[in-house]
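Engineer: Given only the sequences and the hints, what does the whole structure look like? Please build it.
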Amino acid sequence: MLKDWINKGRLKSPWIVHFDCGSCNGCDIEVLACLTPLYDVERFGIINIGDPKHADVLLVTGTVNHRNKHVLKNIYDQMPSPKAVIAMGACGLTGGVFREAYNVVGGVDKVIPVDVYVRGCPPKPEAIIDGVVHALGKVKAALEAAG
Amino acid sequence: MGKLLLATIAVILAPVVGGLIAGLDRKLTAWLQSRVGPPILQPFYDVFKLLGKSPMLINPWQILTVWVYLVSSMLTVFLFFMGSDLLLMFFVLTIGAVFFVMGALSTQSPYAQVGAQRELVTMLTYEPLIILVFVSIAMVTGSFKVSEVFTYGKPLLYQLPLMFVVLGYALTIKLRKSPFDISACHHAHQEVVRGVLTEYSGPQLAMIEIAHWYDVVFVLGLVGLFWASSFWGCAVLLAVTYFAELVIDNVTARMTYKWMLKTVWGWGLALSVLNLLWLYAG
Numbered sequence: 001m002l003k004d005w006i007n008k009g010r011l012k013s014p015w016i017v018h019f020d021c022g023s024c025n026g027c028d029i030e031v032l033a034c035l036t037p038l039y040d041v042e043r044f045g046i047i048n049i050g051d052p053k054h055a056d057v058l059l060v061t062g063t064v065n066h067r068n069k070h071v072l073k074n075i076y077d078q079m080p081s082p083k084a085v086i087a088m089g090a091c092g093l094t095g096g097v098f099r100e101a102y103n104v105v106g107g108v109d110k111v112i113p114v115d116v117y118v119r120g121c122p123p124k125p126e127a128i129i130d131g132v133v134h135a136l137g138k139v140k141a142a143l144e145a146a147g
Numbered sequence: 148m149g150k151l152l153l154a155t156i157a158v159i160l161a162p163v164v165g166g167l168i169a170g171l172d173r174k175l176t177a178w179l180q181s182r183v184g185p186p187i188l189q190p191f192y193d194v195f196k197l198l199g200k201s202p203m204l205i206n207p208w209q210i211l212t213v214w215v216y217l218v219s220s221m222l223t224v225f226l227f228f229m230g231s232d233l234l235l236m237f238f239v240l241t242i243g244a245v246f247f248v249m250g251a252l253s254t255q256s257p258y259a260q261v262g263a264q265r266e267l268v269t270m271l272t273y274e275p276l277i278i279l280v281f282v283s284i285a286m287v288t289g290s291f292k293v294s295e296v297f298t299y300g301k302p303l304l305y306q307l308p309l310m311f312v313v314l315g316y317a318l319t320i321k322l323r324k325s326p327f328d329i330s331a332c333h334h335a336h337q338e339v340v341r342g343v344l345t346e347y348s349g350p351q352l353a354m355i356e357i358a359h360w361y362d363v364v365f366v367l368g369l370v371g372l373f374w375a376s377s378f379w380g381c382a383v384l385l386a387v388t389y390f391a392e393l394v395i396d397n398v399t400a401r402m403t404y405k406w407m408l409k410t411v412w413g414w415g416l417a418l419s420v421l422n423l424l425w426l427y428a429g
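Here the protein sequences line up with chains A and B, keeping their order. Going by our numbering, the letters in the first sequence line up with residues 1 to 147, in that order. Going by our numbering, the letters in the second sequence line up with residues 148 to 429, in that order.
Hints were generated in silico from the structure; no laboratory data involved. Values in this document were obtained by computation on a predicted structure and should not be read as measured data. Don't take every hint at face value.
[As the list claims (entries may be wrong)] Using 25 Å as the maximum straight-line C-alpha spacing, the simulated SDA-like pairs for lysine to any residue come out as follows:
1. 8/A to 160/B
2. 73/A to 202/B
3. 174/B to 35/A
4. 138/A to 203/B
5. 3/A to 170/B
6. 3/A to 202/B
7. 12/A to 163/B
8. 8/A to 164/B
9. 324/B to 40/A
10. 73/A to 255/B
[Stated by the list, open to error] So, partial list: chain A residues that the calculated Cβ filter (under 10 Å) puts toward chain B:
11. 3
12. 36
13. 51
Just so it is clear, CB atoms sit at the ideal spot from N, CA and C, and this is done for glycine as well.
Structural biologist: Encoded structure:
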């Protein structure tokens, strides 16, 4: 029964840590828009927290470059499992318009495994919430597969 | 025997009540901010999720400190419903709080260090006030025992109205509400990440949350003492006090620790002295 409650909790309380790999702030203000009364993500149990050690979902915006990839990896490693990663915006997915630049690595998935990609430049808040729901769907499928 | 049974039931039920209060707290906060807010059971989902996360300890010392914090919080609730001595409860509560800070101090993280220092200052702020509240209760009822307060017959609020305000200050600090949430703030405030909680994670964080629920029940029990003579009076007093805490939490921003020390000690000590003088003269 405890296992059932834990699994239910995993689906109902995704705490998000938001890391900005040098984004233009477009994606970041859309993330913050999700917290406003209009979208109010807290009703799904989603909280934007500052500490990777408390987080379940890592939300990455911006282009990953050779300098901040170590920071990104470090934050990912500090999160206790089970955890999920969401890459956001054109830059987070592939490097966007900066992908040819000499200092840019490319997408977030070149450094850490990504579960969900949220497209857009920047994505709408609805798309971000949808991304978290998709990530939870993957968690649910994994939990069911594990029994 | 009846007392022992009551205290045991209270220890078992306290986390359920504390969690529901936390859920109601978040719902009402959302309502005050024109939001829908999470379900009432959200704190339970959070805690069960945290219990299921893989442990990430900085050092084994953290396990000990968390257990001591949890057990001492449980013990305060147990002692309260046993009708035991208020001073004994105070010391047990302090041991828990000190161990909680020691766990944060045992890590290298600057956030945890800053949070721990602030938590120590907040303890320094509320503890003299709680002692003064207990002393004034003893002055009125003639005993430090909770059971004596229940048999006193009259609401303490009539004789200790100013002490109730002082307890309100201590309550705001102990519940980690604005403007005194300087050591471990909630949600979107991220100045010290989560201060004293930064280095706790997974099951340890869940246990801290449960211990905090016990603390909430204990502190609300102290509030209830001020109208112990009637059930409905007590219920109304608790509801009004908690709602007032929520409103204060939502209309104030966080302040610095120096401001907290000055304000709470200044007002707290002044109100205490006034109330004690009044008792002494009357």
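Engineer: All the hints need checking, so say for each whether the structure fits it.
Structural biologist: Right, here's what the structure says about each hint:
no., hint, verdict
1, 8/A to 160/B, "22 Å, holds"
2, 73/A to 202/B, "19 Å, holds"
3, 174/B to 35/A, "15 Å, holds"
4, 138/A to 203/B, "24 Å, holds"
5, 3/A to 170/B, "22 Å, holds"
6, 3/A to 202/B, "16 Å, holds"
7, 12/A to 163/B, "18 Å, holds"
8, 8/A to 164/B, "20 Å, holds"
9, 324/B to 40/A, "21 Å, holds"
10, 73/A to 255/B, "20 Å, holds"
11, 3, "8 Å, holds"
12, 36, "9 Å, holds"
13, 51, "5 Å, holds"
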